[in-house]
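Chemist: Below, each chain spelled out in residue letters.
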Amino acid sequence: MFDRSVHVLASFEWSVIWDSQGALWGGFKHTMKAGVVGIVLAYLVGLVLGALRAHRIPILNQLAASYVELIRNTPILVQIFFLYYGLPVLGIHLDVFTVAWLSITIWGGAFMTENFRAGFEAVPQRLSEAGYALGFTRLQEFLYVTLPIGGRIALPSTINSAISVIKNTSLLLLIGYPELTYVANNIQSNTFRTFEMFTALAVYYLAIVWTLSALIRFLERRLALPEAF
Amino acid sequence: MNPLPEWFRPVSEYILREGVPETLRMAAIAVVASLVIGVVLGTLMTIRFRPLQWLIRFYVEVWRGLPILVTVLFIFWLPAFDVGRHHVQLSAYQSAALALTLWGSAQVAEATRGAVQSIPKEQHEAAAALGFGWVGRQTFVILPQALRRMVPPLVGLLVNTIQNTTIAFAIGVNEVLQAGQRQFENVTSGLTGQPVAPSYAPFLIFGYVALLFFIICFPLTRLAAYLEKRLT
Numbered sequence: 001m002f003d004r005s006v007h008v009l010a011s012f013e014w015s016v017i018w019d020s021q022g023a024l025w026g027g028f029k030h031t032m033k034a035g036v037v038g039i040v041l042a043y044l045v046g047l048v049l050g051a052l053r054a055h056r057i058p059i060l061n062q063l064a065a066s067y068v069e070l071i072r073n074t075p076i077l078v079q080i081f082f083l084y085y086g087l088p089v090l091g092i093h094l095d096v097f098t099v100a101w102l103s104i105t106i107w108g109g110a111f112m113t114e115n116f117r118a119g120f121e122a123v124p125q126r127l128s129e130a131g132y133a134l135g136f137t138r139l140q141e142f143l144y145v146t147l148p149i150g151g152r153i154a155l156p157s158t159i160n161s162a163i164s165v166i167k168n169t170s171l172l173l174l175i176g177y178p179e180l181t182y183v184a185n186n187i188q189s190n191t192f193r194t195f196e197m198f199t200a201l202a203v204y205y206l207a208i209v210w211t212l213s214a215l216i217r218f219l220e221r222r223l224a225l226p227e228a229f
Numbered sequence: 001m002n003p004l005p006e007w008f009r010p011v012s013e014y015i016l017r018e019g020v021p022e023t024l025r026m027a028a029i030a031v032v033a034s035l036v037i038g039v040v041l042g043t044l045m046t047i048r049f050r051p052l053q054w055l056i057r058f059y060v061e062v063w064r065g066l067p068i069l070v071t072v073l074f075i076f077w078l079p080a081f082d083v084g085r086h087h088v089q090l091s092a093y094q095s096a097a098l099a100l101t102l103w104g105s106a107q108v109a110e111a112t113r114g115a116v117q118s119i120p121k122e123q124h125e126a127a128a129a130l131g132f133g134w135v136g137r138q139t140f141v142i143l144p145q146a147l148r149r150m151v152p153p154l155v156g157l158l159v160n161t162i163q164n165t166t167i168a169f170a171i172g173v174n175e176v177l178q179a180g181q182r183q184f185e186n187v188t189s190g191l192t193g194q195p196v197a198p199s200y201a202p203f204l205i206f207g208y209v210a211l212l213f214f215i216i217c218f219p220l221t222r223l224a225a226y227l228e229k230r231l232t
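Chains U and H are the protein sequences, given in the same order. Residue numbers 1 to 229, in our numbering, belong to the letters of the first sequence in order. Residue numbers 1 to 232, in our numbering, belong to the letters of the second sequence in order.
Just to be clear, a hint being listed does not mean it is correct.
Within a straight-line C-alpha distance of at most 25 Å, the following computed DMTMM-like cross-link-like pairs (lysine to aspartate or glutamate) qualify [unchecked claim]: (1) H:Lys-229 to H:Glu-110; (2) U:Lys-29 to H:Glu-110; (3) H:Lys-229 to U:Glu-121; (4) H:Lys-229 to U:Glu-141.
Derived from the structure by calculation, the hints contain no laboratory data.
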């Protein structure tokens, strides 16, 4: 599996990329399927746990903190292996797609929890106090004061986490989920067109990642809080 | 006395003896190389010379934008080539270390640029007034201050690099995860003369691998948070 035939780097063959467009597009769709499900769920996890942490809800705050530390301090690939090979022991058999979205949700959720916690905690105290002074309950205060302002502060960093989630879908190759990297790697090992296939692969990933980073810069300009804050 | 089953002892010892040093050595190489390359590139990026800025920006955005696994596979599968009279074919270990360095140096370059630009302009001017040339100004005045601000993110980079060594699993480097996987195959095949493990073996082995990473990384993330707090 790991021996490589030594061969001359011949001229760049566009036709190899052209011929595998269909397969790569299929891989892209798998990447996006797992990635989008993972990102949406990670946002939900991050919002809820971030709010619990910022408001110091007893017990739940500590549980959320432990979850975040556990996920941030272990490699995501180990988490994927644990879900895929470890859980069946407990009688929990997950298919490849479930492990795919679940693993990146768990990972992304931990990072987004931190993003949202930081955003919510950056909301000036006097604003939430103003909310309470208007007679808001804690939930109302969160929904109408902390969430809109803190969410706005947190948004760019959450998109950064979303980018990382998309990039991490490439690791699903190792459990056989047929995403982009899996497809490209397969074709290059059959055709020995390493340079061509990885160029095409890089174009796909950089298109996704650079688009999202441009979105971050746009939002940072657009959502910048007025100076008065 | 020992709560752990008998088959687990050789497994854990193998992971500690083979996997952990491999992971830590690769992380150390990658972080040091990233630091050297990244600081140089980041400092060069602050020079107002557009073509150079674009070139470094491209380097940073490409290696930061690509998933590390893609870079690892790309470098590993590249056909051997000749540089002058030297025949170059990177081993799996070298390919992974190089990929981690490309990624890490992009992170460091970006952090350095930010840190250098956050140093007040008066510092440059004062150093220039004292007769320092550009190199002297950067080396003795700007970078020592900038690097101080970069310490917390650099500890973060170390944590990420240690975790990212697991990606070298994909090309067969015997880091912690690979060592765990090999032992998992050994104890479940029963071919190696080791006591055959029960079916819950993968749960314990991968749990152990996760625990090892946690023990290494958790103190470092706490340290980074502490340094961050002290700096502000």
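Chemist: Give me the numbers of the hints this structure contradicts, sorted from smallest to largest.
Modeler: The structure conflicts with hints 2 and 4, although it agrees with all the remaining ones.
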